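Chemist: The chain contents come next:
There are 2 protein chains.
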Amino acid sequence: MRKVIAALGISLDGYIARPDGAVDFLFMPKDYSNAEFWKSVDTAVMGRKTYDVGRKMGGSFGMPVYVFSRKSRAGKRDGVTYTNEPPATVIANLRKVSGKHIWLMGGGELIRDFLKDDLVDEIHLGILPILLGDGIPLFPGGFPERDFQLLENKTCSKGFISVKYERLRKQSRKRKQSRKK
Amino acid sequence: MRKVIAALGISLDGYIARPDGAVDFLFMPKDYSNAEFWKSVDTAVMGRKTYDVGRKMGGSFGMPVYVFSRKSRAGKRDGVTYTNEPPATVIANLRKVSGKHIWLMGGGELIRDFLKDDLVDEIHLGILPILLGDGIPLFPGGFPERDFQLLENKTCSKGFISVKYERLRKQSRKRKQSRKK
Numbered sequence: 044m045r046k047v048i049a050a051l052g053i054s055l056d057g058y059i060a061r062p063d064g065a066v067d068f069l070f071m072p073k074d075y076s077n078a079e080f081w082k083s084v085d086t087a088v089m090g091r092k093t094y095d096v097g098r099k100m101g102g103s104f105g106m107p108v109y110v111f112s113r114k115s116r117a118g119k120r121d122g123v124t125y126t127n128e129p130p131a132t133v134i135a136n137l138r139k140v141s142g143k144h145i146w147l148m149g150g151g152e153l154i155r156d157f158l159k160d161d162l163v164d165e166i167h168l169g170i171l172p173i174l175l176g177d178g179i180p181l182f183p184g185g186f187p188e189r190d191f192q193l194l195e196n197k198t199c200s201k202g203f204i205s206v207k208y209e210r211l212r213k214q215s216r217k218r219k220q221s222r223k224k
Numbered sequence: 044m045r046k047v048i049a050a051l052g053i054s055l056d057g058y059i060a061r062p063d064g065a066v067d068f069l070f071m072p073k074d075y076s077n078a079e080f081w082k083s084v085d086t087a088v089m090g091r092k093t094y095d096v097g098r099k100m101g102g103s104f105g106m107p108v109y110v111f112s113r114k115s116r117a118g119k120r121d122g123v124t125y126t127n128e129p130p131a132t133v134i135a136n137l138r139k140v141s142g143k144h145i146w147l148m149g150g151g152e153l154i155r156d157f158l159k160d161d162l163v164d165e166i167h168l169g170i171l172p173i174l175l176g177d178g179i180p181l182f183p184g185g186f187p188e189r190d191f192q193l194l195e196n197k198t199c200s201k202g203f204i205s206v207k208y209e210r211l212r213k214q215s216r217k218r219k220q221s222r223k224k
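Top to bottom, those sequences are chains S and R. The first sequence begins at 44 in this note's numbering and counts up one residue at a time. The second sequence begins at 44 in this note's numbering and counts up one residue at a time.
Please keep in mind that the hints were generated in silico from the structure rather than gathered at the bench. Possibly wrong hints are sitting among the right ones.
No copy is singled out in the list; a pair is fine if it fits within one copy or between any two copies.
Unchecked claim - Derived pair list, reagent style BS3-like, types lysine-lysine, alpha-carbon separation capped at 30 Å:
(1) 197 / 82
(2) 213 / 143
(3) 213 / 73
(4) 92 / 207
(5) 213 / 197
(6) 201 / 159
(7) 201 / 213
(8) 197 / 119
(9) 82 / 201
(10) 207 / 73
(11) 82 / 159
(12) 114 / 207
(13) 197 / 139
(14) 114 / 92
(15) 139 / 213
Remember, it's a predicted structure, so these values are computed and weren't measured experimentally.
So here's chain S without its partners, still in its complex pose (with noise of 0.2 Å):
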């Protein structure tokens, strides 16, 4: 199954950037690697916010990308889709053709529709060794509690901390169990 993998680095507090959408306090250690995690998707999905601030910054993602928002008219144009659908039919849509993960690059607000959904089937995140005080939140309030399980935790140089969590679902094994029946 394809994977829904949320995907990016937060400051110590849990920001993904400054109050206006900046990103400056994040790095990328040179003994961190995300060639495979790049190798492992080949479309990513976004809020519409957090595509205007890539966009900005001359972001390219080298693959198909799907912009939620509920203002903007859905479609295909600027070289992305535009939709408006709840993430669970999106997700579902993807999941029909065969391909490889799906990166949920953010924001804090899909993150939490597709956590509320029980979308997220992994979590890669950068924790920076910096404390910003004051931000867009990785994880806003407002969806049912989780259990994930950690999957790797790598220390890499300049305090950067690398850790993979996937979702921990109780369903699976009453699901494996029933099966067997």
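With the hints as your guide, set chain R onto chain S.
Modeler: Same frame as chain S, but now just chain R:
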């Protein structure tokens, strides 16, 4: 100098407790030891709400406790010292007498006050592999940016991560230089 060490357990989304103060999601893995930490501190400081939750849970701290409260009457009672003085004053007074480090136990509002006054020297976190979706944040916004450096990053069983950071103050280099003059 007696350091102020903020040390506590948090959910992956940065909460120190559920909205009602419950900390049932916290656990201490067998392969994690904070014996060294306990040996290094001899005084605990905390906010009034955190103290009340701890007291309800029958918590005993085994060391002198200072409770910060704007509303409570100042003074010693029930085995603790209530204070309505600013954190900087209380810490300065504690540093006038020799002793071990000072444990800043929480909650978020007091930690914010300490960070505003740049009184936090170290942050020790136990990060639990769960998203609560709502709760009392460790780092409510509203303090200036603060740089830290990573001292330690340990992976324990059951997905528990133990990280330790030290405050990186840019003035310290200037101070050293001015001393040389």
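Chemist: Each hint should be assessed against the structure and marked as holding or not.
Modeler: A quick look at each hint next to the structure:
1. For the homomeric pair residue 197 and residue 82, the shortest alpha-carbon distances inside one copy (19 Å) and between copies (28 Å) are both at most 30 Å.
2. With identical chains, the CA atoms of residue 213 and residue 143 are at most 30 Å apart within one copy only, with a shortest distance of 25 Å there and 45 Å across copies.
3. Taking the shortest alpha-carbon separations for residue 213 and residue 73, only the inter-copy value of 23 Å comes in at or below 30 Å, while the best intra-copy value is 38 Å.
4. In this assembly of identical chains, the alpha carbons of residue 92 and residue 207 lie at most 30 Å apart only when taken from the same copy (25 Å versus 33 Å across copies).
5. In the homo-oligomer, the alpha carbons of residue 213 and residue 197 lie at most 30 Å apart both inside one protomer (27 Å) and across protomers (27 Å), since each shortest distance falls under that limit.
6. In this assembly of identical chains, residue 201 and residue 159 lie within 30 Å of each other by CA distance solely across copies; the values are 24 Å between and 34 Å within a copy.
7. In this assembly of identical chains, the alpha carbons of residue 201 and residue 213 lie at most 30 Å apart only when taken from different copies (16 Å versus 37 Å within one copy).
8. In the homo-oligomer, the alpha carbons of residue 197 and residue 119 never lie at most 30 Å apart, since the shortest distance is 38 Å inside one protomer and 45 Å across protomers.
9. For the identical chains of this complex, residue 82 and residue 201 are neighbours both inside a copy (25 Å) and across copies (28 Å), given an alpha-carbon limit of 30 Å.
10. Taking CA atoms no more than 30 Å apart as the test, residue 207 paired with residue 73 passes in both settings, with 19 Å inside one copy and 22 Å between copies.
11. For the homomeric pair residue 82 and residue 159, the shortest alpha-carbon distance inside one copy (28 Å) is at most 30 Å, but the shortest distance between copies (43 Å) is not.
12. In this assembly of identical chains, residue 114 and residue 207 lie within 30 Å of each other by CA distance neither inside one copy nor across copies; the values are 33 Å within and 43 Å between.
13. With identical chains, the CA atoms of residue 197 and residue 139 are never at most 30 Å apart, being 34 Å at best within one copy and 40 Å at best between copies.
14. Proximity of residue 114 and residue 92 under a CA criterion of 30 Å is satisfied intra-copy only: 11 Å inside one chain copy versus 42 Å between copies.
15. For a Cα distance limit of 30 Å, the shortest separation of residue 139 from residue 213 inside one copy, 24 Å, qualifies, whereas the shortest one across copies, 53 Å, does not.
The structure fails hints 8, 12 and 13 (numbered hints given earlier, in ascending order).
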